[in-house]
Amino acid sequence: MLNQQSLSEYQVVVADDNPDHRYLLKSALTRIGVPEPMTFSNGLEVITHVKAAEYKPHLVFIDLNMPIKDGFDVLTALKSDPESKAIPVIVTTSSEEPNDVSECYRLGANSYIVKPLNSKEFSEKVHSVAMYWLKVTSIPMQRPR
Numbered sequence: 642m643l644n645q646q647s648l649s650e651y652q653v654v655v656a657d658d659n660p661d662h663r664y665l666l667k668s669a670l671t672r673i674g675v676p677e678p679m680t681f682s683n684g685l686e687v688i689t690h691v692k693a694a695e696y697k698p699h700l701v702f703i704d705l706n707m708p709i710k711d712g713f714d715v716l717t718a719l720k721s722d723p724e725s726k727a728i729p730v731i732v733t734t735s736s737e738e739p740n741d742v743s744e745c746y747r748l749g750a751n752s753y754i755v756k757p758l759n760s761k762e763f764s765e766k767v768h769s770v771a772m773y774w775l776k777v778t779s780i781p782m783q784r785p786r
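Going by the numbering used here, the residue at position 122 of the sequence shown is 763; the numbering climbs one at a time, nothing skipped.
Just so you know, the hints here were simulated from the structure itself, not pulled from any lab data. Backbone N, C-alpha and C define an ideal beta-carbon position, used for all residues, glycine too. A portion of the hints provided could be inaccurate.
Under the rule of at most 35 angstroms between Cα atoms (straight-line distance), these lysine-lysine pairs were calculated in the DSBU-like manner [stated by the list, open to error]:
(1) 761 - 692
(2) 776 - 667
(3) 776 - 720
(4) 776 - 726
(5) 692 - 766
(6) 710 - 667
(7) 720 - 710
(8) 667 - 720
(9) 720 - 761
(10) 766 - 726
(11) 710 - 726
(12) 726 - 692
With beta-carbon atoms standing in for the labels, derived distance ranges [unchecked claim]:
(13) 695 - 738: 34 to 40 angstroms
(14) 721 - 696: 18 to 24 angstroms
(15) 696 - 671: 32 to 38 angstroms
(16) 759 - 695: 37 to 43 angstroms
(17) 769 - 706: 20 to 26 angstroms
Make the full structure from the sequences, and use the hints.
The following block contains the structure:
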């Protein structure tokens, strides 16, 4: 049974140092009803935002290769903190390296999407994974601290 909560009630974070990839992710999410995903260009911004947020995001998309703090650092920070460890984190990256895939799952990633060259295919993958995490499964609703 689908979660009856409207997608407009969910907070989603997108982090990628490439502005075109941020735009693609944000556009894909807004097309399925997620209002104004928060976007960041480096991992430190994501970690700082999530730790300071009164209401934690419901879903986080991160690139692996970002400046200051990379996706591995973000995964480590979010999944080691009791206040954010339940947040689903989706890795979106161009890396198909088996070691990167393994390390992301070891650190607690919930999904790993390899960015295709085709933006339509990428949008479809983002739609599928977002709908799964926001509508099909039950995730903890984030409450203030």
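Taking the hints in turn, this is what the structure says about them:
1. Distance check on the hinted pair: residue 761 and residue 692 sit about 33 angstroms apart at the alpha-carbon level, within 35 angstroms; holds.
2. At most 35 angstroms may separate the alpha-carbon atoms for a hinted pair to count; residue 776 and residue 667 meet this at roughly 18 angstroms.
3. Distance hint between residue 776 and residue 720 is fulfilled; the C-alpha atoms sit about 22 angstroms from each other, no more than 35 angstroms.
4. For the proposed pair residue 776 and residue 726, the alpha carbon gap of about 19 angstroms is at most 35 angstroms, so the pair holds.
5. Proposed proximity of residue 692 and residue 766 is supported: the alpha carbons are some 28 angstroms apart, at most 35 angstroms.
6. Between the alpha carbons of residue 710 and residue 667 the distance comes to roughly 21 angstroms, so the proposed pair stays at or under 35 angstroms and holds.
7. Of the pairs offered as hints, the one joining residue 720 and residue 710 holds, with about 15 angstroms between alpha carbons and a cut-off of 35 angstroms not exceeded.
8. Taken as a hint, the residue 667 and residue 720 pair is honoured in the structure, with Cα atoms around 23 angstroms apart against an allowance of 35 angstroms.
9. With a CA separation close to 30 angstroms, the supplied pair residue 720 and residue 761 stays within the 35 angstroms bound.
10. A threshold of 35 angstroms between alpha carbons decides the hint, and for residue 766 with residue 726 the separation of about 23 angstroms falls inside it, so the pair holds.
11. Pair hint residue 710 plus residue 726 holds up; C-alpha atoms about 18 angstroms apart against a cutoff of 35 angstroms.
12. Under the criterion of a C-alpha separation no larger than 35 angstroms, the hint pairing residue 726 with residue 692 is consistent with the structure, at around 11 angstroms.
13. Take residue 695 and residue 738: their Cβ atoms lie about 37 angstroms apart, and the range 34 to 40 angstroms holds.
14. Checked against the hint of 18 to 24 angstroms, the C-beta distance between residue 721 and residue 696 comes to roughly 20 angstroms, which is consistent with it.
15. With their beta carbons about 19 angstroms apart, residue 696 and residue 671 fall outside the hinted range of 32 to 38 angstroms.
16. Evaluation of the 37 to 43 angstroms hint for residue 759 and residue 695 yields a pass: the beta carbon distance comes to about 38 angstroms.
17. In this structure, residue 769 and residue 706 meet the distance hint of 20 to 26 angstroms, their C-beta atoms being roughly 23 angstroms apart.
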